[in-house]
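Position chains B and C against the provided structure of chain A, taking the given hints into account.
Residue numbers (this note's numbering), protein chains in the order written: chain A, 25 to 352; chain B, 948 to 1318; chain C, 3 to 259.
FYI, nobody ran anything at the bench for these hints, they're computed from the structure. Check each hint, because a few of them may be wrong.
Facing chain B, a subset of chain C residues (Cβ under 10 Å, in silico) [claimed, not checked]:
hint	residue
1	80
2	82
3	96
4	160
5	169
6	176
Beta carbons: idealized from backbone N, C-alpha and C, even for Gly.
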Amino acid sequence: MEYWEFHVGRADRRQRALLVGSAVFVGLVIAATLISKGSTGFQWIVSGITVGSIYALIAMGFSVIYSSTRVINFAQGEFSMLGGMLMYSLSTRGGLPPWLGFIFSVLIVTAIGAALERLTIHPMRDQSVITIIIITIGIAIALRAVAKWIWGTDPVKIASFSGDSPIRFLGAAVVPQSFWVFGFAIVVVILVFLFFNRTLLGKGMRAAATNSDAASLVGVSSSTSSLIAWTIAAAVGAAAGIVIAPINFAGYNFGIMLGLKGFTAAVLGGLGSAPGAVVGGLVLGVLETITAGVFPSGYKDAVAFLILILVLLIRPQGLLGRAEDVKV
Amino acid sequence: MSDPMKAGKTALGGGKEYRTLLIFAVAVFIVPAWATFIPGDVLHMDIVNIMVFAGIYSCVVIGLNLLVGYAGQISLGHAAFFGVGAYTTAILCTRFSWFPTWLGVLAGVLLAGAIGWLVGVPVLRLKGHYLAMATLGLGEIAFILFTQLKWLTGGTIGVPQGLNVSVAEIPSLSVFGFRFDTDIKFFFLAWGIVVLLMLLNINIIKSRVGRGLRALHSSEVAADAMGVDTARYKTRVFVLSAMFAGLGGALFAHFQRYINPESFVFSVSILFITMVVVGGMGNLWGGIVGVIVLTFLPSVIQALPQWIPGIPESLTNFSNYSLVLYGILLILFMMFMPQGIAAGLSRGLAFTQKRGRRLRDRFEARKYEGH
Amino acid sequence: MAEERLLEIDNVTKLFGGLAALKEVSFTVSPGEIKAIIGPNGAGKTTLFDVLTGILRPTSGTVLLKGQGTVGLRPDQITAMGMIRTFQTIKLFEGMTVLENAMVGCHSRTGSGFLATGLRLPASRREEARIHEEAMGVLKDVGLERRALEVGTNLPYGQQRMLELARALASRPEILLLDEPAAGLNQYETGELSALLSRFRERGITILIVEHDMGLVMDISDEVVVLDYGEVIARGAPEVVQNDPKVIEAYLGIEAD
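So here's chain A without its partners, still in its complex pose (with noise of 0.2 Å):
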């Protein structure tokens, strides 16, 4: 008995040695950043967890469908881009009150998310998973091409939530809708983890995409569940995507790039696990911007990337991921 005890106890050692590892990693890195550089380091820092912030939001979206259907959404970016759009044209332009703007725009998004799920996704699917993909491609492709017709090739700019006036913190600046995202994002994520893990619903939902049968014991078909986390993923993503837009403007390709960048948050942090959307998205974020501050900027995105494909191969099912059943 103590024989296999001693190897259990080793492969959590391992898991846990990772983790530490990681979180080590990242404390260095930022200390030696705000030893070195000081108050720069520390804005790079701050700019840092906004940045996070935002790629944890969008990166909510694909775990969201993912961890209840197991398909990845490739038109996730193009929900955000068409949030930020659309406030813009209701708000900016067409002077509606922000909150207004806000809820409609969302509304709109999320009908056309629930809408292209009934109409492309659902019908397909017994199909496999890199049919379904390309499927999300395509609609991507078309989302982007519709917003360039509507919205034209300048990016636009869409007024912040609390003025622009940065706040001073700690020696760094800080502009308000930095924590307009920021605590954006907390709640967003708490909502989805009560959702998944608290409620009979989210639990069938997640129980669906392993296992169809049992999800329908808890009344969830795993046709009612692809339809409920398409809406919630549009809707998170558009929010995101108004929420992001006065820092980051919005125009009709930027969903592309927040597309990627979620996606490797939500990998880093373990596909479908909201608390690791948000490491993930975090520790992008800030190492990125570090990055961009220590060498050459346009190197920032390979270091997001490096750092991904290392966590694959180190640890494939993310930081805070669950690692799944080898199908033998």
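This is chains B and C only, laid out in the frame that chain A set:
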């Protein structure tokens, strides 16, 4: 059924496939003939030029289909190998004006293969989504390097304008003094290569190696147990597909005469994989069918207003709606032909053949009754 | 006595998380014998096969095949050494014909690679012809030669089992590991299987068989090893094991109907 012993032997030799390849080669090589006879403003597209690009993409996609369709290993980063092939020959042939272009192409192929091996060995341990993500990341890193290593690649401006070299463009490809410097000449070069690659492809698939790849696609555990060294097969097929992509890239550089990172972005990797899936994964002809359909699709969409009079003037600004249509068509293809167009075509063909046979039988029967 | 052992399993333990699927399992298989492993569901029989064929690495213990250690070797290397298996849940290759399935079985004894097959070098063409002939040969052995060109997974269940057997046989194994080959077969088919296995033995193929069908086990096996909760609880001639009270308690008692 006829004697399986005998029938098996012909199927084994791939006789049917070689016949199809011959018909295909003849059909492709007469394209320029009718393309020159039809005045360009009837179809409103330069068929030969588009076909050259289709030929170049076919090199990539044939290899990718071997990797994705047969061996079941996904790659979302093949634009990287396409780029390595293109940059290698472009840089060599513009930096050193004496450098033989064919040697540049060869260097591009080999370097793409070598990089494929270096990244393939660790990355191919991953499966499914994880492999997709890792290859996507590799593709992105390659793109960033193409953009950032300015001293080598000329940055965003590309080769040769971004480099401090005396030549104004990448030299055209020349082999034994014969220069492939027009669309028509390049057409025959590119499609000649495609036919050779297809021959190689058919040979591999209809052999021990092809069976090993299909076996590992179906069940890695069972393939292992039957004695297939799956890790080695995966690496080898990855390297081969990287070399095919490198070859396509090298041809691309010598045809277009300039290159910049834009031709090797993430969406190009996605385009390649889309061509494989739309054409038909694991279908011998799927890759080429997918390439031809998706390469012509934008031109066809752009030409639509000229073909059909009465389409409103506002829509003649193609760039706006052509991509919308492209996206929608992509979705529709997947929804109605999830096995790919090639499979759909051959099913349709079999159906009409069966019907034809039935009609003939009925006709024969009636003739017989008449007697 | 040393050469009398084709396969030696020595103190093999396999742990999954906190659970021991195999606990210090030891036994040997002599050339030419048919040895059966029986035991209730979850006793670790399939895990043992996975360990023997290199799919799983044992937590501790050694496995010797023809005197050579196999722990740490890849499955394909073990297959090449002359030990091959079939699967409890049929794992035919999808989309491949009956003939092609059998041809994959020849993999470990052939060597043409990408270059040789891609260029259709003469050596590779000769090899293809040989593979074809041998694959047809094993299909004939199990009576599937007339269905060679059908897609393997479209065969009726019983014939799929036979095809798995043929595929394994195509590797010309010295020892064949069969994981519940009679599962899902009707009485007639089981009878055929039994006759087939006896023919294999006459050809000198050693067989290690996991089986629930007691009739078959008692009929063909020289010796029976009984596993329960990952431990060997009894071994010996079929009729001896059959009357072992420990076995009756653990296995036959539960199964009796």
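To see whether the hints hold, each was checked on the structure:
{"no.": "1", "hint": "80", "result": "9 Å, holds"}
{"no.": "2", "hint": "82", "result": "6 Å, holds"}
{"no.": "3", "hint": "96", "result": "4 Å, holds"}
{"no.": "4", "hint": "160", "result": "19 Å, violated"}
{"no.": "5", "hint": "169", "result": "7 Å, holds"}
{"no.": "6", "hint": "176", "result": "14 Å, violated"}
This entry does not satisfy hints 4, 6, going by the numbered hints stated previously.
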